[in-house]
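Visitor: Each chain, written out:
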Amino acid sequence: MPKIALPTPLRPYAGGRDAVDAAGATVGEVLAELTAQHPTLQRHLFDEAGRLRSFVNVYKGDEDVRFLQGPATPLQEHDTLFIVPSIAGGAPTTEETAPALSHDEIRRYSRHLIIPEVGLSGQRKLKGAKVLCVGAGGLGSPLSLYLAAAGVGTLGIVDFDVVDDSNLQRQILHGTRDVGRKKLVSAEERLRDINPHVRVVPHETRLSSANALEILRDYDVIADGTDNFPTRYLVNDACVLLGKPNVYASIYRFEGQASVFFAEKGPCYRCLYREPPPPGLVPSCAEGGVLGILPGLLGVIQATETVKLILGIGEPLIGRLLLVDALGLQFRELKLRKDPDCVLCGPHATQRTLIDYDQFCGIGPADPGSTTDMTVEELKAKLDRGDAFVLLDVREPHEVEIAAIPGAVHIPLRQLPEHLDRLDPAEDLVVHCKMGPRSARAVKLLREAGFTRARNLTGGIDAWAERIDPSVPRY
Amino acid sequence: MIALDEARAAVIREHGRRTYPEECCGALLGRFVDGIATVEAARAIANVREDGRRRRFLVDPRDYLEVEREADRQGLTVLGFYHSHPDHPAAPSDFDRRHAWPNLHYVIVAVEAGVPREMTSWLLSEDRSIMREESILLARRTA
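Protein sequences appear in the order of chains U and W. Under this note's numbering, the first residue of the first sequence carries the number 1, and numbering increases by one thereafter. Under this note's numbering, the first residue of the second sequence carries the number 1001, and numbering increases by one thereafter.
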């Protein structure tokens, strides 16, 4: 007759015995015979529908009968069945600890509550969730507006900037009356108006290696809405070190990218881009421009991914890079793989702390005594003295149309290598662009070509308009 | 009631500290002394959950069988299991209750920001509806 070996917790129901003989030709028959002999075992082995409970394993020899023929698995006279408990448990999940909703909130979120995938438990998860938006700018605007409206309970915002006229074309968190105010102040006001149930936590600081871990630690999901490489790598690295998902997007002119970097389940940003591009190669939105609507598109994708992560529904953008082309209105997708050699999230990771991201991205601190840099004040003095030199403007023609410093020679950066013959290496050369990065690349190129007297105007025409000549429009 | 001396309690706390922020788990082997479940060994077991180890633990059935065999060899019995709750109180979750077995003692240690704190012990009610807290005899000497 087949024998059934009982685990310690079930022995009291079989008179303290560790094994019981039970007749039958299959696993199902033998278990039925066991519970016929010892009826109190029924409740612990089978659920109300008569199915074996999920945490009860039955082994025939070394094999789980689920992977044999289940209850129909045949048994021989001398076979022994082992009942093996699956010992499991754990701390309460967000579902169990999520806060309750008030009547006001139930009315407010009714269109969520009636979606089965969200429902009351999902809305409570949103209320219990803490999301950090890095930046209250182009991406941070739609992102925080929708997350607040959706009922994310705690919304942290990192920003230290002041609202500027040039922000209003896309940063819909802020209005014309907010120009000159801190972005954090106007953001908080707007978000509270949209949803007073949301706790807005302002972090008025520049995210740095010194404070990032401390700030990010309190949040469940981080959404990066910044547009510079040092912060992007900083946010990525801090998220990997803390084990948090990083909902990423970036935008330029008519194109955008989005992904969810979550090292526990997929690649991180460094798996995609091991190292940043050389400074100035990839222009920022301030240098290259951006269609005002584009951060709306991408920020809303970030908000969608954030909400999905909190609710635990759908297919997150983990391991996928979404490419958005607004001009062709096309969405393409690239598969991303975890880099096995990733210094941060790979199996042989070597980086365990945050580093100096300005240095990593090749951005040194401004050097006032630099022989290759020049301030707009120095340029003004040079012009006033009537020094002999050439002022070279490397911006695009459509930018020159908007604003220009009189007397400048204009050669766009990308055409510079073919037009070096228009310049004289013996002359002093001051190079400018809009804000400095493109002219810095031009100076590097010129110096390598023998124009050792080339210098870069730091801050570009923007600094010139701001500090020297207010009649030049800032764009 | 479960008797757990300071040395074994320290083993459990240290295990919870080591695996933080993930959950640790292990078996409690011992015997009944004057009718009191008395722990003589706390055996660490690998948490084989492939995901969510910060909130969940799972013992591989083969590890469970090995623990029973070890208990048999040493003339001990499997009294129960312990696990940690990283950054959560030492109270059983609904998930703990639904997966609990009768007649086993469930010891939970709260680990707050990497530091082991409160330790509690629980038993499943016979009708499976709740986990009842029991006292831990910490000072009792166990051979």
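Don't take each hint at face value.
What the hints assert, rightly or not - Covered stretches of chain W, going by a simulated chain U footprint (3 or more residues, C-beta under 8 angstroms):
| id | region |
| --- | --- |
| 1 | 1013–1026 |
| 2 | 1082–1089 |
| 3 | 1098–1104 |
What the hints contain is simulated information worked out from the structure, not anything from laboratory work. We put the beta carbon where it would ideally sit given N, CA and C, even for glycine.
Visitor: Look at each hint and say if it fits the structure.
Guide: Taking the hints in turn, this is what the structure says about them:
1. Interface restraint, the region 1013–1026 of chain W with chain U: holds (3 residues with C-beta to C-beta distance below 8 angstroms; minimum three).
2. Given as covered by chain U, the region 1082–1089 of chain W passes the check, having 5 residues with a CB less than 8 angstroms from a CB of that chain where 3 are the minimum.
3. Residues of the region 1098–1104 of chain W lying with their CB closer than 8 angstroms to a CB of chain U number 6, which satisfies the three-residue condition for coverage.
Consistency note: the structure conflicts with none of the earlier hints.
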